[in-house]
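Protein chains: 2
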Amino acid sequence: MPKISSKGLQMPASPIRKLTPYAEKAKRDGKIVYHLNIGQPDIETPAGMIDAIKNIDFKVWAYTQSEGTPEYRKKLTEYYVKNGYSITPEDILVTDGGSEALTIAISACMDHGEEVIVPEPFYANYNAFTCLADVVVKPIRSTIETGFALPPISEFERMITPKTKAILICSPNNPTGYLYSREELEELKRLVLKYDLFLISDEAYREFCYDGKKFISPGHLEGLEDHFIMIDTVSKRYSACGARLGALVTRNKEVFASALKYAQARLAPPAVAQIAATAAVDTPQSYFDEVIKEYTERRNLLVSSLNKMEGVYCPNPGGAFYAVVRLPIDDSDRFCEWILDKFSYENQTVMMAPATGFYSTAGGGRNEVRMAYVINQEHLKKAMICLEKALLEYPGRMLDNLKTNTILAS
Amino acid sequence: MPKISSKGLQMPASPIRKLTPYAEKAKRDGKIVYHLNIGQPDIETPAGMIDAIKNIDFKVWAYTQSEGTPEYRKKLTEYYVKNGYSITPEDILVTDGGSEALTIAISACMDHGEEVIVPEPFYANYNAFTCLADVVVKPIRSTIETGFALPPISEFERMITPKTKAILICSPNNPTGYLYSREELEELKRLVLKYDLFLISDEAYREFCYDGKKFISPGHLEGLEDHFIMIDTVSKRYSACGARLGALVTRNKEVFASALKYAQARLAPPAVAQIAATAAVDTPQSYFDEVIKEYTERRNLLVSSLNKMEGVYCPNPGGAFYAVVRLPIDDSDRFCEWILDKFSYENQTVMMAPATGFYSTAGGGRNEVRMAYVINQEHLKKAMICLEKALLEYPGRMLDNLKTNTILAS
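Just so you know, the sequences run in chain order A and B.
Going by the UniProt record's numbering, the first sequence opens with residue 1, and the numbers climb by one from there.
Going by the UniProt record's numbering, the second sequence opens with residue 1, and the numbers climb by one from there.
Be careful, since some hints might not be right.
It does not matter which identical chain is meant; a pair holds if it fits inside one copy or across any two.
Here are the simulated BS3-like pairs of lysine-lysine, each with C-alpha atoms no more than 27 Å apart in a straight line [to be verified]:
1. 381 x 27
2. 214 x 75
3. 308 x 293
4. 54 x 74
5. 342 x 293
6. 27 x 253
If you are wondering where the hints come from, they were derived from the structure by calculation, not from laboratory data.
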């Protein structure tokens with residue numbers, strides 16, 4: 001039998017999806033599973049977007065332009081300008097989701113063996129996208145004690161080598177929910193200008209900022225025109241994850257030209273999704289106001305419930321709909337499997353993503369999980385009760401150990 | 001300014017799309033452009049597929065499973081079984097078009113620097129997909145004199161090195177239209193078993209076989225279960241290129257497991273397309289009968305028109321909707337640009353793809369173009385008249401040189 005690739009073997013399985021067989025078994029066994037493991041919002045997609053799908057009027061479901069339709073790129077520009085970016089349609093490459101935007105950005109900017117620095121914990125699939133291109137991730141640890149703020153810039157400088165090509169950030173952050181401040185971004189700006197690096201900014205959660213905080217992008221800062229590459233998607237903004245529509249946005253013409261060649265090779269992004277996303281740009285502000293209100297309430301519920309549990313610590317995330325939570329456990333992979341496989345409370349259980357998959361440093365996240373608050377408040381309350389019971393029952397409970405850690409770290 | 005990647009620089013531009021600016025200029029100048037450059041069929045998408053889009057009834061446009069929905073994988077299995085394959089839903093990974101299926105297959109099977117042998121000319125984007133993974137294409141020349149039949153198997157053997165991991169074929173072929181015979185596939189089978197290689201089979205044009213010829217896949221041969229990887233797509237089958245929906249199909253469990261990890265990283269294939277493609281499996285045979293009749297007539301028109309022109313040679317393709325045609329010209333890149341930019345006949349011109357982009361050997365295809373017969377017969381006739389006039393007028397006409405070549409080759 002022919003051998004598969006080494007990178008295919010080494011490629012990490014998705015920490016968000018790998019426990020699916022246990023969840024399916026739990027459901028077959030009649031348990032209710034509360035899904036906090038995946039960023040699939042339960043929020044309804046805007047009606048204008050759904051109507052646009054139902055009203056398609058083509059007879060031939062044809063390829064669009066590789067870079068996206070002129071209509072969509074023009075309309076999307078409206079959205080970006082409204083959000084404070086200096087962008088023209090020529091800066092926008094429409095992609096198959098944010099995933100493809102990042103895959104293309106990596107290959108457009110980096111060769112085999114080159115390095116990208118990423119604050120850790122980070123979105124687990126960054127490992128996969130870099131693995132695909134044999135690019136090396138250099139993680140810099142952010143910590144739960146600071147709420148996962150930007151690590152000191154001196155640590156970035158220590159990590160820079162001749163092979164470093166880019167810094168990759170995500171704000172509001174998946175998995176931590178941390179929202180970078182203008183000051184933090186200014187520090188990053190000085191760094192990338194000093195070392196002439198790309199600053200790749202994953203902005204999938206731009207809309208989701210709480211407590212009146214404003215989203216700031218490196219794209220809002222002057223002087224980064226040649227360095228800034230934005231990764232965007234309609235998935236979370238419009239609760240349209242199934243559309244698989246994203247964008248790579250850059251004013252760097254060389255990056256754009258290179259990215260376009262990759263885009264031409266895969267021919268085109270999906271046509272119906274572009275029609276729907278064009279309509280989505282006109283979604284009224286009231287839609288977002290309601291969504292933000294709902295997420296804020298959920299976050300408050302989640303954070304306050306968690307911090308009341310013995311040995312549990314959850315910082316208060318400023319954005320997105322995730323939190324990385326420290327639990328009094330020996331091993332988050334074991335715990336997340338155990339709670340699905342061996343535990344139930346009133347016939348209910350909870351699915352979470354072990355945070356280990358969000359660290360590339362071995363050992364990182366062993367007592368942390370990522371939770372996505374994408375279920376309604378009633379279910380969220382029940383999930384929290386379940387979790388509290390489970391933590392008390394879990395054979396690998398490690399309260400003392402954790403207390404010590406917390407004291408040491410504080 | 002930070003430097004882009006070398007592979008981004010070296011990445012070839014799409015020969016199918018790179019002349020687009022000239023075509024757009026021609027249109028702005030008021031010329032009618034007959035598009036023979038791109039495999040975008042003008043055939044209508046089946047009504048059942050369009051209706052399925054209009055009748056979507058979800059409120060949240062959610063991610064599907066990374067490997068595709070259970071409904072679609074089950075329904076697609078029906079289609080494959082009807083077409084003579086031993087396939088179960090577990091062998092099917094649904095992808096973002098055939099492009100992603102091939103990208104994933106390459107990374108699942110091959111590491112940086114490993115080699116895949118491909119009969120040449122081949123679909124230009126194979127260069128891009130291999131470039132993305134730093135995999136090396138080793139071309140073996142098929143020739144217009146044999147109608148682009150499989151080159152002697154001894155030439156494949158000569159090309160095999162310790163780094164060879166796979167052979168990649170496409171039948172019916174894009175760009176040549178050649179349809180491999182059972183005997184040719186049996187020869188390839190013996191070869192891949194002898195050297196323990198993967199046989200990756202791009203079957204995008206399975207439906208399009210003419211003159212009563214039957215499509216044969218390596219997947220129809222016994223004993224290739226661990227070696228065969230099928231690349232499939234709904235793009236051409238249902239004239240649904242804009243759906244961006246394909247599949248990687250293999251019974252090799254290791255390949256599937258590796259491929260699934262890449263698929264999980266990009267989360268999911270498009271949701272609406274899967275709903276529509278599920279409906280498409282029930283497209284009546286009469287739809288295909290009409291389409292095949294239409295393409296057969298177009299092919300006959302194209303081939304006979306071309307072979308009547310002085311110095312032009314076009315083999316009679318057995319399938320797909322492409323032909324690689326030899327023209328009495330000095331340089332196909334120059335000619336295809338010239339005919340758009342400098343030429344018109346009764347205010348019309350023709351867009352074709354220079355065949356150079358379908359060869360990875362330098363110099364290959366310099367007097368050949370690829371034509372896709374995806375326009376109606378009336379327009380096809382006009383395009384042929386245009387081309388004939390253009391060839392007489394083209395400053396780089398090289399009739400004598402070509403005659404010599406033809407005599408030598410026959």
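I want to check one pair: residue 214 and residue 75. Are their C-alpha atoms no more than 27 Å apart within a copy, between two copies, both, or neither? Only inside one copy: residue 214 and residue 75 sit 23 Å apart there, 47 Å across copies, limit 27 Å.
If the cut is 27 Å between Cα atoms, do residue 308 and residue 293 qualify within a copy, between copies, both or neither? within (23 Å within a copy, 72 Å between copies)
How do residue 342 and residue 293 come out at 27 Å by Cα distance, when the copy is not named: within, between, both, or neither? neither (36 Å within a copy, 60 Å between copies)
What label fits residue 54 with residue 74 when the C-alpha limit is 27 Å: within, between, both, or neither? both (22 Å within a copy, 25 Å between copies)
Reference check for the pair residue 27 and residue 253, CA-CA at most 27 Å: within, between, both, or neither? between (50 Å within a copy, 26 Å between copies)
At most 27 Å between alpha carbons: which applies to residue 381 and residue 27, within, between, both or neither? Intra 20 Å, inter 61 Å, cutoff 27 Å: intra-copy only.
Hint compliance for this structure: hint 5 is the single one not met.
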